[in-house]
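S.K.: Listed below, chain by chain, are the residues.
4 protein chains.
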Amino acid sequence: MGNSFGQLFRVTTFGESHGAGVGAVIDGCPPGVPLAAADIQPWLDRRRPGQSALATPRDEADAVEILSGVFDGRTTGTPIALLARNNNARSGDYDNLRDTYRPSHADFTYDAKYGFRDYRGGGRASARETIGRVAAGAVAAKVLAVLLPALEIRAYVESVQDIAMPPHDTFPTLAEVDASPVRCPDPAAAALMAARIAAARDAGDSVGGVIRCRVRGAPAGLGEPVFDRLEADLAKAMLSIPASKGFEIGSGFAGVLLAGSAHNDAFVVHDGKVCAETNRSGGVQGGISNGAEVFFRTAFKPVATISLPQRTVDKSGAEVLLAARGRHDPCVLPRAVPIIEAMTALVFLDHFLRDHAQNHSTSSALFSAT
Amino acid sequence: MGNSFGQLFRVTTFGESHGAGVGAVIDGCPPGVPLAAADIQPWLDRRRPGQSALATPRDEADAVEILSGVFDGRTTGTPIALLARNNNARSGDYDNLRDTYRPSHADFTYDAKYGFRDYRGGGRASARETIGRVAAGAVAAKVLAVLLPALEIRAYVESVQDIAMPPHDTFPTLAEVDASPVRCPDPAAAALMAARIAAARDAGDSVGGVIRCRVRGAPAGLGEPVFDRLEADLAKAMLSIPASKGFEIGSGFAGVLLAGSAHNDAFVVHDGKVCAETNRSGGVQGGISNGAEVFFRTAFKPVATISLPQRTVDKSGAEVLLAARGRHDPCVLPRAVPIIEAMTALVFLDHFLRDHAQNHSTSSALFSAT
Amino acid sequence: MGNSFGQLFRVTTFGESHGAGVGAVIDGCPPGVPLAAADIQPWLDRRRPGQSALATPRDEADAVEILSGVFDGRTTGTPIALLARNNNARSGDYDNLRDTYRPSHADFTYDAKYGFRDYRGGGRASARETIGRVAAGAVAAKVLAVLLPALEIRAYVESVQDIAMPPHDTFPTLAEVDASPVRCPDPAAAALMAARIAAARDAGDSVGGVIRCRVRGAPAGLGEPVFDRLEADLAKAMLSIPASKGFEIGSGFAGVLLAGSAHNDAFVVHDGKVCAETNRSGGVQGGISNGAEVFFRTAFKPVATISLPQRTVDKSGAEVLLAARGRHDPCVLPRAVPIIEAMTALVFLDHFLRDHAQNHSTSSALFSAT
Amino acid sequence: MGNSFGQLFRVTTFGESHGAGVGAVIDGCPPGVPLAAADIQPWLDRRRPGQSALATPRDEADAVEILSGVFDGRTTGTPIALLARNNNARSGDYDNLRDTYRPSHADFTYDAKYGFRDYRGGGRASARETIGRVAAGAVAAKVLAVLLPALEIRAYVESVQDIAMPPHDTFPTLAEVDASPVRCPDPAAAALMAARIAAARDAGDSVGGVIRCRVRGAPAGLGEPVFDRLEADLAKAMLSIPASKGFEIGSGFAGVLLAGSAHNDAFVVHDGKVCAETNRSGGVQGGISNGAEVFFRTAFKPVATISLPQRTVDKSGAEVLLAARGRHDPCVLPRAVPIIEAMTALVFLDHFLRDHAQNHSTSSALFSAT
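From first to last, the protein sequence lines are chains R, B, A and G.
With our numbering applied, the first sequence covers 491 to 860.
With our numbering applied, the second sequence covers 491 to 860.
With our numbering applied, the third sequence covers 491 to 860.
With our numbering applied, the fourth sequence covers 491 to 860.
Hints are not guaranteed to be accurate.
No distinction is drawn between identical chains; accordingly, a pair holds when it is met within one copy or between any pair of copies.
Said to hold, decoys possible - Within a straight-line C-alpha distance of at most 30 Å, the following computed BS3-like cross-link-like pairs (lysine-lysine) qualify:
no.: 1; residue 1: K632; residue 2: K763
no.: 2; residue 1: K805; residue 2: K763
no.: 3; residue 1: K632; residue 2: K805
None of these hints come from the bench; they were simulated from the model.
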């Protein structure tokens, strides 16, 4: 009972790794927006395995089908159902996991919660679940392109373990991000990261890192205090992604080192518009966007599935020595980039619609008259 | 439209700093739980200003009244409305803020979103808003004491700027935390933090820091994948607190430095129970609690309100030199400790009820029979 | 956990008959709308007891206080908390009800559900609960006056037992409705109804009837298929009112007697606008308003509280002969009129905002361009 | 944004008449419940067209596929996605409806709301939409069979136009209901109804009627005052079904004719249990089930689609003479019976889970101890 996201642009995802398929239903999509499967597929292609030697060699086509909600190439305002069939399911790879609890995986907790579980390929806890979100995020991006054409969302890998790229002053293009399979727009850092990931792969181990996401062109006014602040919903969105362990916005954890006088963002007037001179706030103040760039960072732990043998136990409590046989990624970050962009698109679109409903239904004359 | 929190134990807060009062309505509270205003008041007393020389000298009684939902000393299952009247409102302190946008405050964004704002004392964006959540959290804690008597929630200040306490191996008692006005259970670190806060106060400046929260005694099984993971809802809860800028659970941002083989928590059997030998997961795996201690950290920026003069602009775009005249805290952290504990109680109770509804309504015979 | 109503203009009510007070919190109110307690009070005055000899002689002032969400006479967009203190609580009247289950009351079911109950004056099941909804409905009406100035909502008593007014061709004014204490705009029928109610009162008995509600000036397009159809939400709203037992829209139950060829509403063009020539649909087609008058009828059973002695049992199962001693209405309908108008206002405003969010955020250019 | 139903057992439906398919996603299903497509198919078979000469001759297999949420023949607690492909779509039948507004259909209102529509076969407004609800209701019925094995839900056609069956004292079996294609358990009335429907069909016309639904074996305690009363959610569920125009529970509209003394249901003790001697309340008091049979009636207007020529207009405002060419039912009632049972199952299961979460999480010791 936690498989829906959003209040007005509401996404419900479904599907297990080795069931019939995975997908999503979107309720509340504005009508009239051009949409085809071809708009969604590139997002899934960025997310899918087998893109490079750095990722799992599984070849999953992840072809998406639009089952409803689109007519004559445009959204109709009715629910949009999206389905990607599972077609490369080698369930046999997972027979040994029926009774075994993989370290730092969801095997034990799903059993504890639901009494039993679909153990094939992680079942619902598989990263394959994210196909539904990414497909829905692709639709959100199409709608945002109509509603907020100036908005741009760009995520990229900022660090892998201790290898961190230098600060990137410009807003990177999609091409710059995707230039390397690591999805780090700094070529030198990307090369080091790629080597690190390859080394982990060869050692049967895995690595983690941090992804930065930047959003520019968002209007001031998005975010719903006091609980549904923009940063609160972004934090929830990011922590809902498998393997994420941390979130920070603006100055984040480093900002605690500064005094208030050094941290505050002074307001100035540029081109007749009030704006903040600096941006330690990360584009949000009091839970509401202020018109500046919104940026935040998400930490991903190293992938739990590794080939190195690990001690664990099975259901009966017996000790087991486990070595993953299935296909897996040594580093989740490159494939997490489109997931983060998708979740960010969902948050921004939902907040745009919420703000629009409450604050842009009354005539502006209402205010000028008083 | 973002003033409610929780799905089954649902809290809606209301109130501005200088209106008639602040409070909350709780819908979905289990019936029969002993409850009186005296159960809530200590939580508000820990949150209120004027507790020590380190906090604002405002003396706000914050006396809570239970308006409904309690009869003969027990909750009835109907909505519990809680009200704390505002009674020390020196609105005059804020007249100069009618048209001025304080740096890193919500003045500008509230204007941008709603068209105008209650500028007195920050209005809805005032930390005074948190009274409603803390009162509701106190009720949640009473209910948890019945439903999950083994559960304990303890938050404390772990760092102020660069002053960090050493790791605390034992689970600190409430008395240890409250022994110092800083709410750091390490006496030596607490003394250094107190001096740093006092120095900031004397300089007309402010400081931030990090609060750790620890939860022990939670059962395995809490958390609702894929979006309402336990850590996702905790992240949202924490990022919804004023001045928070970051959240991490378990190994968090530091965990990205480790290889998977070093990060994974091996399962072992202790006293016939499956449990994790280490706890870099922070008590959650796949979005669900695993029975281990749940711990997480929240970063708070330095308070935006400072006495030092700051450049900013007013509504008309004119430059203004602003120095806060109102009463304010040089450091929000000591008072944020009960807020974090309250939000944590709300998350755990709500997730307990959600898990109970779905997974503990069917007879266990259902599973043993198959 | 069922004390909230609405998705975007969301009302949560609280309070028991003999607790500290009753009220509501509204989240999602558009900002900038003029609002004062004086706008709400007339609604409560129409609802309150003691208005005429036909109603209970209890004199409850039901004075409403706005606790939050309004500044300088206008809504701020933050939660609006409304409170009416209880001040005429003669709890002693109800001591004999502690253990007795009144026939057709909620005493037994509240005990069955929650384990115990606040038995004073019906507790949460008292009609006094409706103060919160009526106050919230008054706020909704103020907002609708800004958003949809052509919209008019008018409810009136159409029948008391078998006394039915003739069809009213014109849209009655508020003055016509309130001309008689029965709130029936047909003077002859109203006189008969008043006599019938007085006779029931004198006999220690009670009577029921039907209220018609008419809404004109609603735009086409309100209602959210497939579950949140306009008529579905109206039905829910009406059946949530104490003592209601039936709802019908348009031709309703009588419409089943007609053939489709006689029932269908032909479309025609009037003044260049597509509209239905007849209105057996009741202003809704496919769950969405079509621009015609929306009208529906709600059935109210006779009040359960009567002075005549009745057989029943107490908690221990012992037989009891019960005669109501408290103050009560012989007929709930005159006071239910503003309750129905309030619930109707809540439904229409919520649906306006929902429609606005999804369907009026995209530029109309989107459609013309294709 | 109204395509979800339920709070804890939450169903989201999707699909248009002539798109790729229709279906539903269920979130919150308790785990461990035996489930296969074969459990759902009989419900769809009762709903589908072509069952008898009284229904449309369209032959739609409506074969359901379970895409997710079931493993090893049992529900896993994760989302259950259900899909029925559309496979008999003669879209050409509807080309003439692209620009024409059929009387009393949703063509005009969908255009008014969304700007354009999928006009093929009614699109989302087609009764084909109800496949998703019926499939979800079938799942709910399977869960109820585990949670509340004594619960029985039975709907049947009580009247067609002015032909009404006599009161049925016993609780009819499924076989009795399905003995006639009309789904009226009284053979004599069923024969008259069948003749009336056939006559309407032959005349190119249509008829409406009333369906009664009865629920026995429900425990006392279901229903969530004050807004989510059991009867309020039932009313909403029924009014959300296409072509429904009225709802009444217990004594309903007829009950308004009685005096309170004649209407009240006296409590008595039977077999040591408190129960109501009569049942004019219809099994609900104060919005909560009292353990008696819950019964209610739903009115369905005559089907809007008829073969007789009708006047209407097209988009341009030009007058059109329209005669339906597509395949259609002369009477919706026989096929609406399983739809009503499905919606009723959804309401009861959702309310069981809600009640369970709030009121059965605390130990009963809590109450006995006080």
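S.K.: Next step is simple, just say for each hint if it's right about the structure.
M.R.: Quick rundown of the hints versus the structure:
1. K632 to K763: within (28 Å within a copy, 33 Å between copies)
2. K805 to K763: Classified as between; 10 Å across copies, 63 Å inside a copy.
3. K632 to K805: Result: close only across copies, 29 Å inter versus 46 Å intra.
The structure fails none of the hints (numbered hints given earlier).
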